[in-house]
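Engineer: Sequences listed follow chains A and B, in order.
So the first sequence is numbered by the numbering used here: it starts at 26 and just counts up by one.
So the second sequence is numbered by the numbering used here: it starts at 3 and just counts up by one.
Rather than coming from a laboratory, the hints here were simulated on the basis of the structure.
Check the hints yourself; a few may be wrong.
Far from chain A, by Cβ distances over 10 Å, these chain B residues were calculated [said to hold, decoys possible]:
#1 G72
#2 C85
#3 Y89
#4 W298
Taking beta-carbon pairs under 8 Å as the criterion, some of the chain A residues facing chain B (in silico) [unchecked claim]:
#5 T87
#6 F88
#7 L210
#8 D229
#9 D263
#10 F266
Using N, Cα and C, we set each Cβ at its ideal position, and we do this for glycine too.
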Amino acid sequence: MDTVPAPRAVGEMRAGDHLLLGYEADEERETVVAAFLLDGLASGHRGLVLGPADLPADLALTFLESRGCAVDDELAAGRLSVDPHLATPDGLWDLDEVIRRETRRAVGDGYLGLRVSMEIMRGQAGKGLKTLHDSELLLEPVFASLPVLGICQYDRRVFDEGELAPLDGLHHGRVAADLVWHDELLSITRTFAPPGLALAGEVDDTNVTALARALHAETARARARPVNGVRTRIDLRDLRFIDVGALRLLVFAGGALSASGGTLVLHGVAPHIQRLMRVTGWDRVPGLVVEQSDL
Amino acid sequence: MSRTRFVHQALCYGSDDEFLDGTLTFARDGLDAGDTVLAVVASHNIGLLDEALGDRSEEVEFVDANDWYGSPSRTLGRYNAYCAAHYTDATGRPRGIRVIGEPVWSDRTALEVREWMRYESLLNIAFAGTGHWILCPYDTRALPVGIIRSAVRTHPELALGPRQSAHCGRYVDPADFYAECDTTRPPVLPAGRDDVPFARGRSAHVRRAVSAYARGLGVSEQLTHDIVTAVHETVVNSVRHGGGRGVLRLRSDSEYVICEISDPGTPAAPSAPPPPPQFPGHLPPDPSAANGHGMWVVRQLSDLATQTLDPTGSVVRLYFGRSAVL
Chain A
26 MDTVPAPRAV GEMRAGDHLL LGYEADEERE TVVAAFLLDG LASGHRGLVL
76 GPADLPADLA LTFLESRGCA VDDELAAGRL SVDPHLATPD GLWDLDEVIR
126 RETRRAVGDG YLGLRVSMEI MRGQAGKGLK TLHDSELLLE PVFASLPVLG
176 ICQYDRRVFD EGELAPLDGL HHGRVAADLV WHDELLSITR TFAPPGLALA
226 GEVDDTNVTA LARALHAETA RARARPVNGV RTRIDLRDLR FIDVGALRLL
276 VFAGGALSAS GGTLVLHGVA PHIQRLMRVT GWDRVPGLVV EQSDL
Chain B
3 MSRTRFVHQA LCYGSDDEFL DGTLTFARDG LDAGDTVLAV VASHNIGLLD
53 EALGDRSEEV EFVDANDWYG SPSRTLGRYN AYCAAHYTDA TGRPRGIRVI
103 GEPVWSDRTA LEVREWMRYE SLLNIAFAGT GHWILCPYDT RALPVGIIRS
153 AVRTHPELAL GPRQSAHCGR YVDPADFYAE CDTTRPPVLP AGRDDVPFAR
203 GRSAHVRRAV SAYARGLGVS EQLTHDIVTA VHETVVNSVR HGGGRGVLRL
253 RSDSEYVICE ISDPGTPAAP SAPPPPPQFP GHLPPDPSAA NGHGMWVVRQ
303 LSDLATQTLD PTGSVVRLYF GRSAVL
């Protein structure tokens, strides 16, 4: 039913891209927008955040601080700025004008371009989202002509997929977090709702260390999350092969989580992988739960 | 009569009465002691024991031997899983396990018979340290004398009748028996057009090749997965311990898909290489162990596996029944 094209990784964006981010968790929005803005700093772009509320700039950007960005320095230097324009009731009306002006200003200040992140508020979308549609439509010529990249952020807990689908046509596609790992056999992506990793392809002796790294980082994030009971979910629906050494790593990670009261949940485990887990006794080890697929 | 250490007895019987003499009291004593009693025997013997047990019969779990003794390593794995699931009762209290296990010997090739003999001997290692009691009936009317002779070498005790047993003077240490099983080895397969050379970092290439070969034979999806995994694990082992490269040879006949993985070893090792592990892949590994699961998986997924592990060149041959019913 869903024929949405595969989303573009945020790290693959280039000038002129105007992408839609439909996020289901704050961590997803922060991960994508942080990568977008930090890539901008690396690329000689100014970063502009049009936030949902009139917050002090350093407060609006705390999510960058935890990712190694010296936010105060960047704000003081003007490489990052925060504008409450979208927090005003009529913020969407002249959004195209704001971005056109800000892009020209950034170029005038010596930057190679502007990266703008826009949080779209339901309250301003207008009846039947009319104001929103018109606004997105007016943005198109700005992105087509100026050195600007933009992400329109839609909270999927507020906008349902039926509302987002028509908006796809007003963007150049959707954006998602960067791949954690990609080689000719395996790709590892982060998932956010529920939080964890998705593995696609094959894990064997050549790329098991990439899985180890990704798991280690993911379980560290899980431990830092303020929820009861650490749960990290690994989505294996698109995993065709995993060898014994890599499966042992998952068992080890589950054991380590279990020692601190946590769980590693394996989702969508193919029958032949379940069989491997039965044979090794790894279907009955502490900290590892095989979640029955909803298929 | 109850015993606390592992007991493995052969019961050589020549009549229905002798079968019942050896098994009926054994089963009843087990039930009286609150043990789990499992009888995996020939269908005719299920009937005998079932009738003799009368209304206690339903307390015994019966399985037709033909449905249980599929391949030696898998059967050992199955007993291991069964014991792990039954060694405590519903309230978590320890409980004895008694098994009457009558292996199937008819319609076996010489190779299969040898591996089933090895299996009987390996039970002494696999269950050492448990309190399980396994009684193995051997039908002297039907079995060749060579199989009966092996039974007295692979069982430390002979069951002689109700609650009667004798130490078996001809019992052979499992390590020695294991070595004896390997004195005759099949010659290495000659080079063929389906040969797949492999080296470190090339396991994906091997998986593609073996998967294509299996599909070409029209074997089931499940069996293809098993073959791919077993060959992959063997190849990874071979690369790790065998000098970093080797060759996979693929064959098939009406009964088996045969995969032979060989490597040239590391003859120029600066120091004496560690000896290969004892009973590689034959014994159930601890789930939390740091290694040892690979060869166990290989043996659980294949129907037969022969292996010559040697620092100067190893050969592992895996047999997969083409119509395997699992």
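Engineer: State the violated hints by number, sorted upward, taking the hints as numbered earlier in the document.
Structural biologist: 4, 5, 6, 9
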